[in-house]
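Full structure from sequences and hints, please.
2 protein chains.
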Amino acid sequence: MWTYTTSLKWQPGQDGRAETAGRPALEINSPPEFGGKPDRWSPELLLVSAVENCLMLTSLDIAKRQKLNVAGYESTAVGHMEKTAEGLRFTGIDVTVRVKAAAAEAEKVKQAVLTAEKYCPVSNAMKIPVRLNVGVET
Amino acid sequence: MWTYTTSLKWQPGQDGRAETAGRPALEINSPPEFGGKPDRWSPELLLVSAVENCLMLTSLDIAKRQKLNVAGYESTAVGHMEKTAEGLRFTGIDVTVRVKAAAAEAEKVKQAVLTAEKYCPVSNAMKIPVRLNVGVET
Chain B
1 MWTYTTSLKW
11 QPGQDGRAET
21 AGRPALEINS
31 PPEFGGKPDR
41 WSPELLLVSA
51 VENCLMLTSL
61 DIAKRQKLNV
71 AGYESTAVGH
81 MEKTAEGLRF
91 TGIDVTVRVK
101 AAAAEAEKVK
111 QAVLTAEKYC
121 PVSNAMKIPV
131 RLNVGVET
Chain P
1 MWTYTTSLKW
11 QPGQDGRAET
21 AGRPALEINS
31 PPEFGGKPDR
41 WSPELLLVSA
51 VENCLMLTSL
61 DIAKRQKLNV
71 AGYESTAVGH
81 MEKTAEGLRF
91 TGIDVTVRVK
101 AAAAEAEKVK
111 QAVLTAEKYC
121 PVSNAMKIPV
131 RLNVGVET
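Taken in order, these protein sequences are the chains called B and P.
Using the numbering used here, read the first sequence as starting at 1 and increasing by one per residue.
Using the numbering used here, read the second sequence as starting at 1 and increasing by one per residue.
Just so you know, these hints were derived from the structure itself, not from any lab.
Here the structure is a predicted model, which means the values were calculated and not measured.
Just so you know, nobody snuck in bad clues.
You can't tell identical chains apart in this list, so a pair holds if it fits in one copy or across any two.
Result set (DMTMM-like, lysine to aspartate or glutamate): computed pairs, CA atoms no more than 20 Å apart in a straight line:
| no. | residue 1 | residue 2 |
| --- | --- | --- |
| 1 | K127 | E82 |
| 2 | K9 | E74 |
| 3 | K100 | D15 |
| 4 | K83 | D61 |
| 5 | K110 | E137 |
| 6 | K64 | E137 |
| 7 | K127 | E86 |
| 8 | K83 | E117 |
| 9 | K37 | D61 |
So, in structure tokens, the structure goes:
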């Protein structure tokens, strides 16, 4: 069993400050469309980035266990949110991955990334669909 | 409909770099117990902080709509992860909130925080339990 602990502080007239021991603090705001500042991370962006980065680290771990050589990994993730009768709701997250590998290992590396969705603890904590699209550059 | 877009880049021998337009970039690593560096945010910490901060911003929004005066808000959030047959899985997130308000509004402010769980889009995107414990300091 592992635990992940974060904390935050807010006072009137200030931004929220997200902290976790030993790491740089983050100033957090609502997204600008809901009254926040455009130069701060929002909870919505943190969530999308958490999913995206978990898939990356899980992919690299799977590739390493299979002794595959990943020469680069980039991705873009888009979280979709809608207003519903129950309030704002995420409806899904699309993650588009571009991974670099030698031609001989390209298909295995692609499969390692696709397999990550099964093992990534962050995407598995979500009830909304996480859709993964993977391209390999050789 | 709103979208939240993040991106990341990784190269062999480097940390992952999480970005989103106009905000400071974050260096991301696995948690130290899985081989990462202890001074970097991990996807696990980003997820827990996303839930925690969404509950805070939603609470403040509800309080504002009800014209309640919140004098301070602090919280700690703990995400629990276990190894299962399917891999690492989050089993729940506990969020402990300490909010400050005048005695006359204490109960209403507490209720505003408790109501946040119903409206926060991040906690509502999760399939794991998010447990909220709220104390009011007057």
